[in-house]
Amino acid sequence: MTVSIVVNGKQHDIESSPDTPLLYVLRGELELNGAKYGCGLGQCGACTVHINGTAVFSCLTPVGAVGDRPVRTLEGLGTVDAPGVVQKAFQDEQAAQCGYCIAGMIMRAQSLLDKNPKPTDEEIRTHMQPNLCRCGTHVRILRAVRRASDELVKQG
Amino acid sequence: MNPRKRLLWAGAAAICAVGALGLGIAAWVVYEPEIPKIPRPAASSFSADQIKRGEQLATVGDCIVCHTKDNGPPFAGSRALPTPFGTLYSNNITPDEETGIGNWSAEAFRRAVKEGIGRDGSHLYPALPYEHFIKVNDDDLDAIYAFLMSREPVSEVAPENQLLPGLGIRQSLAGWKLLFLHGGHSEEDTTKSAEWNRGKYLVDGLAHCGACHTPRNLLGAEKWGNEFGGGIAEGWNAPPLNASNPSAARWNVDALTEYLTTGTSAAHSTAAGPMGPVSEGLLRLNSKDVHAIATYIDDIMHAGRPDRPQLQNVDVDNSKTSSMQSATADLFQGACAGCHEPKSPMALRGRPLLSATSDLNADDPRNSIQAVLQGIQAPVGSNAPYMPPFADNLTDSQVSALLGYARFRFTTKAPWPDLEKTVREIRKENQQ
Amino acid sequence: MNHQITRRSFLAAGGVAVAFSITRPALAQLAGGGEGGPGPAIIAANLPGSLKSSPFLDSWIQIDDQGSATVYTGKAELGQGIRTALTQVAAEELDIKPADLHLVTVDTLRTPDEGLTAGSHSMQDSGTAIRNAAANVRMLLLQQASTRLGLPVADLDTNGQGSITAKDGRSISYGEIARTLDLHVEAIANAPLRQTAEFRTMGQNLPRVDIPAKTTGGAAFIHDMRLPGMLHARVLRGPSEGTHLQLPPAHEIEAMAGVAKFVQNGGFAAILAEKEWDAIRAMRILQSLPYDIAPRPFPNGPASETLKALPARDIVILDTSNAVANPVRSVKHSYSRHWISHGSIGPSCAVAWLKDDLLTIWTHSQGTYDVRRVAAELLNRPIEKIRAIHAEGAGCYGQNGADDVAAEAALLAMAMPGRPVRLQWMREQEFGWEPLGPGMVTQVEAALDDTNRIVRWNYEVWSNPHNNRPVGAGGVLIGNEVVPPFEAPEGKPIPMPEGDGSRNSNPLYDLPNMNVIYHFIKDMPIRVSALRSLGAHLNVFSIESTFDELASAANIDPLVLRLNHMADERARGVMQAAADKFGWQERKKSKPLHGFGMAFARYKNLGAYCAIFMEISVDRDTGMIAVERVNAATDCGEVVSPNGIINQVEGAILQSLSWCVHEAARNDGKVRTSFDWSAYPILRFIEVPRRIDVAVIEQPGKPFLGVAECGQGPASAALANALADATGVRFTHMPLTPEKVRRAIVTN
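Residue numbers (our numbering), protein chains in the order written: chain A, 1 to 156; chain B, 1 to 432; chain C, 1 to 748.
Okay, chain A solo, but in the shape it has when bound (with noise of 0.2 Å):
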């Protein structure tokens, strides 16, 4: 039984079991790096993509149940030669040390900007929380999301 999902605009049919977990089918099936493995268990954030512009785990969604709502992953937001915003905010902060959990970081600040392209210090603190950053790069993630918050501002 094939499975048929949209990520980043694309169709495609996927041959992994229905089971599987989304992150697996992106990272294997569809060679994507953007989401990556951190737990497992909904816990770090690592894994994070979009269903219908919202950020979820990826790790905790079968690709079964995916259906026909619009997946959308880091590698949706921009390219390393046209980045989007928030990727570009995150580049010119140069936001990430290691940078395993910066994928997952992205995702889940657009997801806040796509709803409120003006949140308060306090509303991207709360609204990262579910992501985990093993090391201490949150001070530059924070003035990303603030410098992408900007720039989406001053884009009107």
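Note that these hints are calculated values from the structure, not bench results. Among the hints, erroneous ones may be present.
As the list claims (entries may be wrong) - Listed below are the simulated DSS-like cross-link pairs for lysine-lysine, each with C-alpha atoms no more than 25 Å apart in a straight line: (1) Lys740(C) x Lys589(C); (2) Lys97(C) x Lys88(A); (3) Lys69(B) x Lys52(B); (4) Lys343(B) x Lys670(C).
Said to hold, decoys possible - Label pairs and their calculated CB-CB ranges: (5) Arg329(C) x Arg40(B): 53 to 63 Å; (6) Gly350(B) x Val328(C): 36 to 46 Å; (7) Gln246(C) x Ala414(B): 35 to 45 Å.
The C-beta atom is built at its ideal place from N, Cα and C for all residues, glycine as well.
For chain A, the structure is supplied; the task is to place chains B and C on it using the hints.
Just chains B and C now, kept in the frame of chain A:
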């Protein structure tokens, strides 16, 4: 923390009450005198022991939860308390003289807490559970007063209550109180231990467990004669604490104590929804008082029967005998099994099995649905397990399929009827 | 600027390669901060940095005929930004654009062996080597240009664009010269270096070269490797060190859905599958089987109880005595921290491939050359038939599961010739099996005379070895599990001045009487190895807390007490700089449970200097600490990437705060009980300080000092000092959890 939703039908009831009793009596019951302001007492006028005692008692009363807004200064109020009749905002109970209770005497404080009357004589809405606090003795209230007065004053004015038109008349609360506010605290039961009595005193009074765990009547008051029969708070069922609790056979004093102090019990599941902040508070309470509370609750749950059967351990897993739809089994594997498969690393480390959870076994799927949609937050300061929310990655149909699967696999109970419809309704309720 | 060449010159035609290595004695050196094995042999002791062990220029730099440079380092990018920093160093000293330079990180086939990437040594070892090698190359390029153009070297200059220009307007590109330039020559020790005033790249904030891929989904991590025919592997282990799954017979496992192969050797077992989820699914089923628990002591009490119950060997670290005035005030405390998990966000991973008789292992271990040695011993395979290449993992902060996983992948690859094998641990496996940062305890007694001079200082520290990095098969889990097993080597202390449990137990302060004893405990009931800063975390915590206690007893300002006992100018410099930026003199408490604290250390008394100042307030009801602001100052010698330094120090502060307030990896006497992020909470966004400012003290011309670990000790200490200031309570046993703090202040 989620605001406490209480079913306050006070306005409608009060109007009826006033109408029934006539204006003359109404005038008599409505009017309460103002208690004069006093200069704010110095924190040093209270002994350290009394303040410490007051802190512990305030912890039992969980004052901080209702009297603090999200990320706001503690006890400074302004928390929105939604009711079906509109939104109330809690008062500032820091010792600020302009906006808090800085100029309240101990007498004014006691009257407010026990009788629901402000210093200026105005009636307070029974969002403040004074029908419980009336049972607290004056000595304890004075200690809580001392604790509050020893804190930093914070200037914070609560927003205007936004009640539906016609229900904003405080005087009408007098009638409600006439019907439902019954004075005095109960006498000691000499046939029971000192610990049991202490537990009863705390539970009936400050801890106001019945405020959530007792069903309410149409007038918004706890049902007389059905104490601890189960209630609802903020969209979660507060299970019965009396013998009608279907899991009563699996609780004892130790299990209750563990649950109350750590927020989790390996045999039962984790404090979720509005019980989370309660256990977060109780983990700061001294162990003697927690044990007393557990002792009393345990006794109610078993209707005082000392000869009840042994604590049963449940470990149901129908997976081998099941003919469950493999699509749902797949869903469970991908979304839930990492933590919830029996013998998963989670389960091996003393986390509750799904078959042990009261919620999965309950007739009402509400709590199970809420756990899946909202997840379970770990209280600050504890290592209790955390469950992520699934509202955004699973549809109503998937949530209902998963819960049906879990119910079938991990319990011996009949399936919940109309489960998907219930999921849809509760999801909509959460979004309001 | 002296361009005079004091040694041999090299003519283009027939370049003379001079081999010196045969005649020099090989000396062991402590590379990588003394961790790991003896490190690469020294064959040119007069050369700076790792040139000592790899003196030939072409080991480090090659230039192609387009003028692009390939630079080799024996160090690894761990997320600390070293790839970018070394790129800057090389580009600067070669005087080319960073974009024209490609840096190859440690690969046993291609790069020098510089030992471990650890101990904050990368800039000292590799940065220095590369800088000097590049200077040598630039010197040779100029010499060649001089010959080609027939002009004296003094008339020539490099232009930063990959060419050499002459005063008369002629130029020649590096590419042209490279065609005939032989770099297989040894470096000279004093090749002229570019000066700070002319810097084009060093000292600038070059954007990290790895961040673009990491923010846009490029393949940036070892976890992203995809090789043709790659199999996914999962190990089958019990939930914790000391456990062993009761597995069914092999044929039953082989028959499981999705399992391509089952590999077992003694106590080691793993499955391989074509699809990753198939491997995980099967692993989950097998992981749920009953397990045996090895009967072994697995103490679960406080660190002090556990450590003091074990036999120790006493090592005197310091014993100085001078005549002093009588002590009039004394303080005495015991300090401790519990075992701590590395907590890498990405569990450990390795890829291995046996192809055409060469076994290649990709690893994120800090000891890539050691991974090769371990595999050689484990597999009884000639070392030249093994290649180990570093590929980035998640931050490791020491020895996490990386080495274990690398060895496991190697064995599995041997079982599947021709097919790459990707092995990754699960989260609970990383928590359950990786070596932890050792718990430690100290005891300090110190006294002041009536002029507030510290006249007595008695210090004891108890610790396990921190340096259990595998150099042979006995150092990895699989080595102990296979049949016949390799014995785990005995833990040994790292001698001072680097130290391990003793690291930073020797105060940098000028104290007339110091008695410092290291109780070295070689029995390790809990599996441990190096964690960022080793013993410095607790030792600096203890020393700096004691200084504040003394200041409090003497009723003098904590900064003043420190300055009164510190002659080292650079130390005074960072303390003063951070104090000024913080506004330490103007500090004023504005509410209850509001406080200020400071701390200082020079990492290992040899490395980077760091001073940290903090303002905090404590929530009375929850015991949670809100860090309002942090000002840090760091002096790490010549600055390569200011932003890189700031990033590292910010990170150290946040990580150290998390260790200090939250972290303790626990067990119940049988198994580890911290197995996921719920059971081992770490700092999250809500607790992040409102502001962190890091001032970088510029020290042009001074040797590089690695900055990665210098903040760990001072950050925890500054927090404890601020907490004492805010609450009046001295907290000494980490973690200083909210509940611990709350209970202490409620009873106040």
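Checking one constraint from the list: CA of Lys69(B) to CA of Lys52(B), max 25 Å. Satisfied?
holds, 24 Å
Would the hint linking Lys97(C) and Lys88(A) be met if the CA-CA limit is 25 Å?
holds, 23 Å
Does Lys589(C) sit within 25 Å of Lys740(C), going by the straight-line distance between their CA atoms?
holds, 23 Å
Taking the beta carbons of Arg329(C) and Arg40(B), is their distance inside 53 to 63 Å?
Since the Cβ atoms of Arg329(C) and Arg40(B) sit about 40 Å apart, the hinted range of 53 to 63 Å is violated.
Taking the CB of Gly350(B) and the CB of Val328(C), does the distance hold inside 36 to 46 Å?
At 53 Å between Cβs, range violated.
Lys343(B) paired with Lys670(C) [C-alpha distance capped at 25 Å]:
holds, 17 Å
Tell me if the beta carbons of Gln246(C) and Ala414(B) are separated by a distance inside 35 to 45 Å.
With Cβ atoms ~37 Å apart, the hint holds.
Checked against the numbered hints above, the structure violates hints 5 and 6; every other hint is satisfied.
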